[in-house]
Amino acid sequence: MKRRKVIQYVSSILGLAISGTTLTAMNRFSALSPSRKHQPNLFLTLEQFQLVDEVTELIIPETKTPGAKEAKVADFIALVLADCYVEKDKKIFTDGLQSLLNRNFLSLSPLNQTEILETLEKESMVARSTSNNLDFWRMLKELTLLGYFGSEVGIKACFDYQPVPGKLENVKWEKGMKMIAY
Amino acid sequence: MEILKNKSNRFDAIVIGSGMTGGIAAKELTEKGLKVLVVERGREVKHVEDYDTATKAPWELPHRDKLTLRSAEERWANNRFNNMAKDDLENFMTNDKENPYLEKRPFDWIRAYHTGGKSMHWGRQSYRWNENDFEANAKEGVGVDWPIRYADLAAWYTYVEKFVGISGQKENWDVLPDSHFLPPMPMNAPERFFKEKMMEKMGRNVTIGRIANLTKPEPQHLTLGRSSCQYRNKCARGCPFGGYYSSLAGALPAAAKTGNMTIIHDSIVLEIIFDDRSQKASGVRILNAVTSEVMEYFAKIVFLNAGAMNTAAILLNSKSGRFPAGLGNDSDQVGRNIMDHQLGVGANAVIDGFLDDYVVGSRPNALYIPRFRNIGSDKAKNFMRGYGYQGGASRKGWSRGNGMEGFGANFKDELTQPGEWTFGFGGFGEILPDPTNRMSLDPVKKDKWGIPLIVFDASFNDNDLAMRMDIMENAMEMLDAAGFKQVTGYNRKEVHIGLGIHEMGTARMGNDPKTSVLNKFNQIHACKNVFVTDGAAMTSASCVNPSLTYMALTARAADYAFKRLKTKEI
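Note that the protein sequences, when read in sequence, are chains H and X.
In case it helps, the working numbering puts the first sequence at residues 1 to 182.
In case it helps, the working numbering puts the second sequence at residues 183 to 752.
Treat each hint with caution, since some may be false.
[As the list claims (entries may be wrong)] Derived lysine-lysine pairs resembling DSS-like cross-links, with alpha carbons at most 30 Å apart: (1) K398/X with K167/H; (2) K178/H with K398/X; (3) K172/H with K377/X; (4) K88/H with K675/X; (5) K578/X with K156/H; (6) K748/X with K462/X; (7) K667/X with K578/X; (8) K175/H with K156/H; (9) K416/X with K178/H; (10) K344/X with K745/X; (11) K667/X with K122/H; (12) K279/X with K248/X; (13) K238/X with K156/H; (14) K416/X with K156/H; (15) K578/X with K167/H; (16) K377/X with K175/H; (17) K377/X with K416/X; (18) K178/H with K238/X; (19) K64/H with K156/H; (20) K416/X with K238/X; (21) K178/H with K377/X; (22) K167/H with K238/X; (23) K696/X with K750/X; (24) K72/H with K238/X; (25) K248/X with K88/H; (26) K578/X with K175/H.
[Said to hold, decoys possible] Chain X is nowhere near these chain H residues, computed Cβ spacing over 12 Å in every case: (27) T45; (28) L46; (29) L97; (30) S107; (31) N133.
Since the hints were made in silico from the structure, they are not lab data.
We put the CB at the ideal spot given by N, CA and C, even for glycine.
Full structure from sequences and hints, please.
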């Protein structure tokens, strides 16, 4: 974030004079702003990766805002699967992908694809009501939401991203407003 | 290992630890003109410039809020506190694999070995104790009596509060004495409704959390470069604005300003050196964590502020002819009476309505419901003491999608709109001093530097478990009384003593040297130039968050130490 942008942003929101201390602190804030890039990750095979790319787009499609593909949700899922899930859970995920591949998921019509995912969701909801165990759909949906609504593309498209709100205020929610992300 | 002795190793005072209380000790003693050495066992973290995750956007943390398997293994203890080992904080929390401890009974030990210690990551809730908190042990025959009363500490609370900056609402309640307040943070609409209902239906008080965030900085804050809270709610990563109090943002810069502070890092205190001739401590023996070099430093007084468990470990490891069981341990109370606050028990609910209410800014704070159990005419059937609640209302965001059916365009659009309001709160309960809840040093097992490992042997007792049930049941009752729906109680079974991160009691204050370690000015009874002013000093735990009391005790002890030093009484 550029220093001036932060300052102007906060000034316009607050409509207040900013103290010298706050300006100094703003400078420190902007000096810290990072620019780290994700590393590519090879946990998923190309075929699995393409499948995840398509399925996540069905969960969060492009509408008037970008969808999961543009937000690189599949990249995020590949990274998190590799780094954060134990073998048993990784296998739940890759087994789930394999069963979709076995049904030639990618060559099915959008309608058939949607039907398959709806069935997966119903099964998952039933399983969840009786046990706390992970299942493929639950993992996929959770990671898709986190991958999309935690991404730069998703946050900036869907929400009002305010890294430095500068105030705390109760307001009335009106149609057309965007939720704030911090 | 070579022991280096050098005249430049002499100071007026040595402060062991740079965290919540070490910082205050350093500030007070340097401002009085003493030359002070601050010894920090962890790495150096520079205020602002080393807060390397503070300004990261959600997408700049590669795993977002997912825990990596690597961090879970390295930070096996820190990870017991839900969010301490993830991308944003892991490099500030101690690597438990490299710094192991042993558990006869499980103890959740959350540590942050670096400049400022846990004051960088604390919850910032700040409450004065009340008069009864200091009297209850004596009245009820629990543990030993406090050697001080509220009146002894009241002025020191005010003194510390002005420096730290506490935001809160003046209420004039005996159970929760007011502090010197900066303006309170606002409650949101459902919280104001809840507050009214609690008074109307149950006669219970609710106030906004009293928190060490600057809602309106005063000159003493601005002069240290601190500015207003920006309502980012990412405090635990360190605040580039100095918006909340930490040793890094407050006490250490104030101490550095005097020109009287020397601070060394990566320096583990092996022991406090006891001098038989003067019957006083002469200094400390330190191991450099990087080079393994051993050094000695000397001073007229020592402030021991290593954090309650490490403070006791240093005392136990400081064996001498006079103190074969460890410095100041004539009473065999060092390491005993571990206390903490219970947490991980409470209730949640969903709120109807308020759908046109929203909040701009992310409040780093919640509501506080002061103790009502065993106060006045209230008598709980099956437990002593009481608890307070912390929590509040917020609107559901996109993550509610995990529990919802559906996917696709409409599902996506719905998740970009705010969801229902929910209300959640949990209890912080008082734990009684029990000499069998203890830590000690393992006679055989040592860490990679050859320092004996700490062994914990403590657990909740029947009083604690009965209180936990009451915390949950009352939380549910209150949410019902407010008219909220889907009320769900929780009482996490995997919680152990320690998880409150309010560990205390291992070198308690008392009037009698036979049953306590410290006197009423936090001096070791039989070694008057050593002051212990962190959580170890606590004789009982109250149910309110403890840091403010630790800081007040520290400022008071530093004042006393300086005066006695001037009159050559220590």
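Structure-based check of each hint:
no.	hint	verdict
1	K398/X with K167/H	holds, 11 Å
2	K178/H with K398/X	holds, 28 Å
3	K172/H with K377/X	holds, 20 Å
4	K88/H with K675/X	holds, 25 Å
5	K578/X with K156/H	holds, 19 Å
6	K748/X with K462/X	holds, 17 Å
7	K667/X with K578/X	holds, 15 Å
8	K175/H with K156/H	holds, 19 Å
9	K416/X with K178/H	holds, 21 Å
10	K344/X with K745/X	holds, 22 Å
11	K667/X with K122/H	holds, 26 Å
12	K279/X with K248/X	holds, 20 Å
13	K238/X with K156/H	holds, 15 Å
14	K416/X with K156/H	holds, 19 Å
15	K578/X with K167/H	holds, 20 Å
16	K377/X with K175/H	holds, 28 Å
17	K377/X with K416/X	holds, 27 Å
18	K178/H with K238/X	holds, 22 Å
19	K64/H with K156/H	holds, 13 Å
20	K416/X with K238/X	holds, 10 Å
21	K178/H with K377/X	holds, 28 Å
22	K167/H with K238/X	holds, 19 Å
23	K696/X with K750/X	holds, 26 Å
24	K72/H with K238/X	holds, 19 Å
25	K248/X with K88/H	holds, 17 Å
26	K578/X with K175/H	holds, 17 Å
27	T45	holds, 21 Å
28	L46	holds, 22 Å
29	L97	holds, 17 Å
30	S107	holds, 20 Å
31	N133	holds, 15 Å
Going down the numbered hints, you'll see the structure goes against none, and every one checks out.
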